[in-house]
Amino acid sequence: MRMLAVLVFLAACGGSKPAPQAPAPLPPTTVAPPADPPPSARPTEAQQDAMFEGMLAMFEQIAKATQTHKGDCPAMAKAINTVIDGHAATLAEAGKWKDDAEIDARGKAYIEANEDRAKTAAESFFEGAMTCEQDAAVTAALARLED
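So for the sequence shown, the numbering used here puts the first residue at 1; every next one is plus one.
Please note: incorrect hints may appear among the correct ones.
Under the rule of at most 16 Å between Cα atoms (straight-line distance), these lysine to aspartate or glutamate pairs were calculated in the EDC-like manner [said to hold, decoys possible]:
| no. | residue 1 | residue 2 |
| --- | --- | --- |
| 1 | Lys108 | Glu45 |
| 2 | Lys70 | Glu123 |
| 3 | Lys78 | Asp135 |
| 4 | Lys64 | Asp104 |
| 5 | Lys70 | Glu112 |
Restraint ranges, calculated between C-beta atoms of paired labels, are given here [said to hold, decoys possible]:
| no. | residue 1 | residue 2 | range |
| --- | --- | --- | --- |
| 6 | Ala140 | Glu102 | 17 to 23 Å |
| 7 | Ala41 | Asp85 | 24 to 30 Å |
| 8 | Ala113 | Ala75 | 19 to 25 Å |
| 9 | Gln47 | Asp135 | 33 to 39 Å |
| 10 | Lys98 | Pro74 | 17 to 23 Å |
| 11 | Ala75 | Arg42 | 38 to 44 Å |
Simulated from the structure, these hints should not be mistaken for laboratory data. We treat Cβ as the ideally placed atom computed from N, Cα and C, and that holds for glycine.
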């Protein structure tokens with residue numbers, strides 16, 4: 001009897017329609033692990049050119065230091081270290097991109113476009129540096145450029 005009452009009630013209420021279903025349960029929420037920090041944004045071409053100019057200017061200053069202090073190895077080492085310290089930001093930025101083939105290719109093109117300056121600096125550098133090539137302090141100062 002009770003079943004009949006339920007059926008009549010359902011029919012009166014539109015029992016031919018399926019009963020509304022409860023909403024599906026929400027999937028369990030999971031917390032995503034923190035994402036790795038985004039890589040540094042690649043420098044624009046203008047920023048790259050500024051970096052290349054900074055590196056070339058630094059090399060010219062080192063060449064001048066080797067000429068100015070030719071034969072005075074302690075003074076040469078100190079002057080080279082001073083130049084490198086003054087270009088620490090440029091060296092750090094360049095170091096971030098040392099394995100980037102595209103930036104490396106642009107850097108080579110920049111040096112080729114400024115070949116006269118680069119060649120003059122290289123000749124001056126080697127002429128001056130040769131006077132202290134066996135000096136440990138000069139060698140250590142120049143080794144900082146390899147880091």
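Against the structure, the hints:
In summary, the hint linking Lys108 to Glu45 is supported, as the alpha carbons are separated by about 14 Å, within the 16 Å threshold. At roughly 14 Å between alpha-carbon atoms, Lys70 and Glu123 fall within 16 Å of each other, so this suggested pair holds. For the suggested pair Lys78 and Asp135, the alpha carbons sit about 12 Å apart, so the restraint of at most 16 Å is met. Only pairs whose Cα atoms come within 16 Å are accepted, and Lys64 paired with Asp104 is rejected, the gap being roughly 25 Å.
With a C-alpha separation of about 28 Å, the suggested pairing of Lys70 with Glu112 is violated against the 16 Å cut-off. A C-beta distance of roughly 32 Å is found between Ala140 and Glu102, which places it outside the suggested range of 17 to 23 Å. The hint said 24 to 30 Å for the Cβ distance between Ala41 and Asp85, and at roughly 26 Å that hint holds. One distance hint, 19 to 25 Å for the beta-carbon pair Ala113 and Ala75, is violated here, with the actual separation near 33 Å.
Checked against the hint of 33 to 39 Å, the C-beta distance between Gln47 and Asp135 comes to roughly 36 Å, which is consistent with it. Taken as a hint, the range 17 to 23 Å is violated for the pair Lys98 and Pro74, whose Cβ atoms sit roughly 30 Å apart. The hinted window of 38 to 44 Å between Ala75 and Arg42 holds, with their beta carbons roughly 40 Å apart.
Hint compliance for this structure: hints 4, 5, 6, 8, 10 are not met, and every other hint is.
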